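Enquirer: Spelled out, the chains give:
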Amino acid sequence: MSEQADAMGAKGRPEREYRSAQREGDPVNVKPLLEVDGLRTHFFTKAGVVKAVDDVSFTLAAGEVLGLVGESGSGKSMTGYSLMGLIDPPGRIVGGSIRLRDSELTTLSAEGMRSLRGNRLAMIFQDPMMTLNPVLRVDRQMTEAILAHAKVSEREALARSREALVKVGIASPDERLMAYPHQFSGGMRQRVAIAIALLNRPDVIIADEPTTALDVTIQGQILYEVQKLSRELGTALIWITHDLSVIAGLADRICVMYAGRIVEQGTTEDVLTHPAHPYTQGLLDSVPSRNPPGERLRQIPGMTPSLLDVAPGCAFRERCTRATAICETMPDMLPAPRGGEGHAMRCHHPLAD
Amino acid sequence: MQTTDKPPLLELSAVSKRFVKPLDIAMQIGNLLGAHLREEVVHAVDGVDLSIMQGEVVGLVGESGCGKSTLGRLAIGLLPLSAGRRSWKGAPLDGLPAERARALQLKMQMIFQDPYASLNPRMRVIDIVGEAPVAHGLIHRRQQTEFVGLQLNRVGLDPTLMRRFPHQFSGGQRARIGIARALAVKPEFLVCDESVAALDVSIQAQVLNLFDDLQSALGLTYLFISHDLGVVQHISDRVLIMYLGRIVESGLTQQIFHAPNHPYTQALLAEVGKVEPKKRTFVPIKGEIPSPLAPPPGCHFHPRCPHVMDRCRVESPPLVEIAPARMSACWLNATAG
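Top to bottom, those sequences are chains A and B. Mapping of the first sequence onto this note's numbering: residues 2 to 354, in sequence order. Mapping of the second sequence onto this note's numbering: residues 104 to 440, in sequence order.
A hint or two may mislead.
[Claimed, not checked] Derived Cβ-Cβ restraints for the label pairs, each shown as a range:
#	chain 1	residue 1	chain 2	residue 2	range
1	A	319	B	373	38 to 46 Å
2	B	389	A	62	29 to 37 Å
3	A	336	B	362	43 to 51 Å
4	A	313	B	289	45 to 53 Å
[Unchecked claim] Lysine-lysine pairs mimicking DSSO-like chemistry, simulated, CA-CA at most 27 Å apart:
#	chain 1	residue 1	chain 2	residue 2
5	A	229	B	389
6	A	229	A	168
7	B	210	B	192
8	B	109	B	192
9	B	389	A	168
10	B	210	B	109
Simulated from the structure, these hints should not be mistaken for lab results. As the structure is a prediction and not an experimental result, all values here were calculated from the model. We treat Cβ as the ideally placed atom computed from N, Cα and C, and that holds for glycine.
Chain A on its own, in the form it takes in the complex (with noise of 0.2 Å):
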């Protein structure tokens, strides 16, 4: 593994082994660190084809936070899985690309992901006890990571390891190093999964709801310790999530996903404050807390539809006050009337007030 020099250095503090931006001698910012163009992955079941993901594309910066939101059955989970080469069958990627730095990952040999999954891409996913092996002590499962991805020694690994520990805030590293996943409260399970995805240093971190399983005092700590690595490191994060409220503060752009679409991006700014599409609008105002107490709230009626055999054109439209027969064909991704620079949705009727 090449040691390239040290990019990032006057910003944070010199990092050993830190991968910058400048990896490969790419010129900084000149490419986004990642790229999803056109991703489709598709499930071939006895039913019928399940479009999970239709046609998805985004790009992510290095050191910048992309928020992916959605309900249950939008995709962006799948999503996620889909960039960590985790599709299982009867799933395939059946289009699109996947761009990390220079290299294509949709073409890419079982052998090649398996050297990049937990090195350059990590994942943290919802429930750190189905993650977590039970029947492993927590050093075992950083080690076998650091060992998978480096020719270091199982000292050297070790110290790693502990360092990773205290980075996301647990007390007495060394004892915890020797505990068994059981042993760990949920909030101090989902630290460990988060210093096992940062144990190698990675480019993009994708998070799959890793906090919704956690008590909101948990969950401000988590996210106190993720917002922090993420701008000492630089490390580039996909946050996926049901919770607006988490990503209003947490995200720089938002994607709002609804079966297997992207319907809106933007920044988080644009997309909250002007939301263009009636399914964005229709999410925020369903919140609780942004309507008056006491008073009914503004529902969304239907419910999400199935992703087996999708009819034609915007799948929002059974659901939405402002379709017309021209929602039977779907909708280009477009800028958004109002907003800025990046802000586009997929939708007929944009709100434009």
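Fit chain B to the supplied structure of chain A, relying on the hints for placement.
Expert: Then chain B, alone, in the frame of chain A:
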């Protein structure tokens, strides 16, 4: 709401719940040989007073493990009390003849958290909703189809779906089935234990509106248990904040959300996410909720409290009235007043 001279619909006085893990045979032998093993006791609920007036919506907030679900179960008699008394409309609920106790039990129902786990996957909706009213003699079996149809209509489900099984419904629809089941025996008091926590935002809004509609239509009283402060603020008239088995603060929703008194409430409210597109720095409350097996002495919150004093470490603060209808358990109030 109600005049104050009327007795509360449900009153709990000084209720406690202890879960005891007895010594197994090996431990008992160990003790005979000189080991000092003790039974493990969890004080899930520790001397809680609670009175709920008819037509009121009371929110119960706390982190996981604080005993809020246990309190909900104690309230409707799903769990026996370790200490304390319950009364219904002024009359004691304990030691009633079995028949009377059963009739009163129907007046209190629960809506559970997980719409997937709380419906029997092998029963059809018509049996899930219609079994209890038939068993309790509220309706005759011949009336069941018609009755279940009415119940489903009321919660916004298509009655033609009543022959289906739970797996054929979405999460939001299952939540509605759970509500229909609870309402089928004509209760007056409902405990909603995290009933919207598992639902998506847009579906959650629909179900919260349904709770609202049912309350005005049927004059229901709710104890609404949730960890989501936004939801509680929206639906409740009054809020109780619970920490490690004790109520630490209570008051009208407005009061609590505008001027939280207890440091724990203040910290909780600081964590409420607001959907404002402002990069904010998350400032966490330190530490985690301690194990109820070994709660800290004195005020349970003191290891995490920013205002901790010496007194907090030894003496537990009582829940005292700091303003009309407003209670808080913190020594800061004693020094300030």
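Enquirer: Which hints, by number, does the structure contradict?
Expert: none
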